[in-house]
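Participant: In order, the protein sequence lines correspond to chains A and B.
Note that UniProt numbering gives residue 29 to position 29 of the first sequence, counting from 1, and the numbers run on in steps of one.
Note that UniProt numbering gives residue 309 to position 309 of the second sequence, counting from 1, and the numbers run on in steps of one.
Derived by calculation from the structure, the hints in this document are not laboratory data.
Each residue gets a CB set at the ideal place from its N, CA and C atoms; glycine is no exception.
It is possible that part of the hints are untrue.
What the hints assert, rightly or not - Looking from chain A toward chain B, a few residues come up when the C-beta cut is under 7 angstroms (computed): (1) ALA191; (2) ALA218; (3) ASP255.
Stated by the list, open to error - Derived DEER-like restraints, expressed as beta-carbon distance ranges: (4) ASP6/B to ARG194/A: 42 to 52 angstroms; (5) GLY136/B to PRO299/A: 47 to 57 angstroms; (6) ALA273/A to ASP135/B: 55 to 65 angstroms; (7) ASP6/B to SER117/A: 18 to 28 angstroms; (8) GLN272/A to ALA195/B: 27 to 37 angstroms; (9) ASP36/B to PRO27/A: 48 to 58 angstroms.
Now for the letters of each chain:
2 protein chains.
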Amino acid sequence: MSQFPDTVRIVEVGPRDGLQNERAHVPTAAKIELIDRLSATGLKTIEATSFVSPKWIPQLADAAEVYAGIGRRPGVAYPVLVPNETGYDRARAVGVEEIAVFTAASEAFNRRNINASIDESLQRFAPVLARACADGVRVRGYVSTVLGCPYQGEVPLADVVRVAQALYDMGCYEISLGDTIGVGTPLKARAMLRAVAAAMPVGALAIHFHDTYGQALANILACLEEGVAVVDAAVAGTGGCPYARGASGNVASEDVVYMLHGMGIDTGIDLQALSETGRWLAALLGVETGSRFGRATAPAGESAAAAVE
Amino acid sequence: MSQFPDTVRIVEVGPRDGLQNERAHVPTAAKIELIDRLSATGLKTIEATSFVSPKWIPQLADAAEVYAGIGRRPGVAYPVLVPNETGYDRARAVGVEEIAVFTAASEAFNRRNINASIDESLQRFAPVLARACADGVRVRGYVSTVLGCPYQGEVPLADVVRVAQALYDMGCYEISLGDTIGVGTPLKARAMLRAVAAAMPVGALAIHFHDTYGQALANILACLEEGVAVVDAAVAGTGGCPYARGASGNVASEDVVYMLHGMGIDTGIDLQALSETGRWLAALLGVETGSRFGRATAPAGESAAAAVE
């Protein structure tokens, strides 16, 4: 039957993918505290921020200050998003050792968001990847809209495979496959993963599923069964969905870790510490946590007070 | 690999399991309208109400009026919860044709909630089952706390199997296995289902998973792969969790149906009509829908307004 991995690495994307889609203003010091708290939970990869132009994402305009301020733990990677050589220069100036680049598998999404075709967007990354390779900087590649696009609807599997393969061939050590709008369901997620895994090692793949339609954990389960062992998630389920206001965003790290530990899969993460960080973050943002584990285990006196009747 | 069923029957429990745990007062006419709306979605089983003593569950004290008021569609079953012969008499007086009985697999839960051991609770149902059998009334059996208990923690699989088997042997046509507090994870859910399916036909089993820890859809997926083809769910994810205030209750029917349809599994349900009923119910209760599908697809202007940016 199932071939579940023994261990799974969680890539915590809350400080970047989460915060960039939250409305609340988060002070730089709080961003640093968030990352430092996450570093103490046992997480091995924490996406720290984004060096995308502040004109595009003002929420993360303090990327350099955040990165310079965090306490980097040995053995923990702190990748940052980099869109182009300008961003790469800014990131390197503060000592970044791992970056992430991103493109969509959907032609329509690329054209609408960055006014470029898939091939053009890949070409834009080529010099960044070449410099990173020369500098010994590790590069993670994101492929978005792998299970659907808000503009074109269906995204052909062949496009997902082609983009993932291109990023892998350009030198990305890991390709994160993103269901940006959370429309995927388990068998489609599994089929997508299989198609990509036929073109490159499954060990080089990560899954990045949003919970917009409530499907994220089921989709993760379906893909774990195919051997993928890296899962992106955001503490407290931060992030929202820019394509459906009020809808859920990233799958909550706490809920993923609860599932994995319940399945006997090791993550190296202290779930209680992670959950406390999620509650702290939700309080900071003034929102209810998007983690169901977090709500179910909230101490008495908090909004989701536990009580045995 | 997977042996997913071609079709799944959803047992809609919102009017009973959902409403009995909501705080808002719901007028009898609205309960009737809810069931009639659900009847129009293609659902084949709708748990209508409970003939438990109004002293225990005042929210459903109008059980007889509700049952008498609904428009029963041919081909749709409207089971009602019945705790004892008094409830059975009340139900039969208004023409009920299908009932549901319930007990926990946890000794501690039974003792604390009904002051009886598992065996004593089973004995209490014997006369109800005998009369139902003689009257040609179909009986569904609920086994609760199958993946964990708020009082004793772990529940031995052998106890789950024993209780399920006893209800099946007493004449229940279907046994619904309930993760009452939503603590289960996929491999535990699957192992539980396998253990029960070794003792009786998997076709006589249903799964009833709460989403308290966000695991319900993943657990359902894991069990569908074992061939179970009946899934309990509540429209708008109504119900809450009496053991963790503010936490999620029943898995939302809309989210289950979205997953199943996305997997190519037929339910016979019009998802849009179901989702509209969920939005109507959430508005009636004055709560945000517990369905992520419902939030993601809410029309612009509602609290979870959709907007493509």
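Participant: Each hint needs a verdict: does it hold in this structure or not?
Facilitator: Evaluated hints:
1. ALA191: With a closest approach of 11 angstroms, the ALA191/A hint is violated.
2. ALA218: Constraint on ALA218/A satisfied, holds at 4 angstroms.
3. ASP255: holds (4 angstroms)
4. ASP6/B to ARG194/A: 42 to 52 angstroms: Distance hint for ASP6/B, ARG194/A is violated at roughly 22 angstroms.
5. GLY136/B to PRO299/A: 47 to 57 angstroms: This hint holds: roughly 51 angstroms between Cβ atoms.
6. ALA273/A to ASP135/B: 55 to 65 angstroms: With a Cβ separation near 57 angstroms, ALA273/A and ASP135/B satisfy 55 to 65 angstroms, so the hint holds.
7. ASP6/B to SER117/A: 18 to 28 angstroms: Given a distance of about 40 angstroms, which is not inside 18 to 28 angstroms, the answer is violated.
8. GLN272/A to ALA195/B: 27 to 37 angstroms: holds (30 angstroms)
9. ASP36/B to PRO27/A: 48 to 58 angstroms: Roughly 52 angstroms apart at Cβ, these two residues keep to the hinted range, so it holds.
Violated hints, listed in ascending order, are 1, 4 and 7; each of the other numbered hints is respected by the structure.
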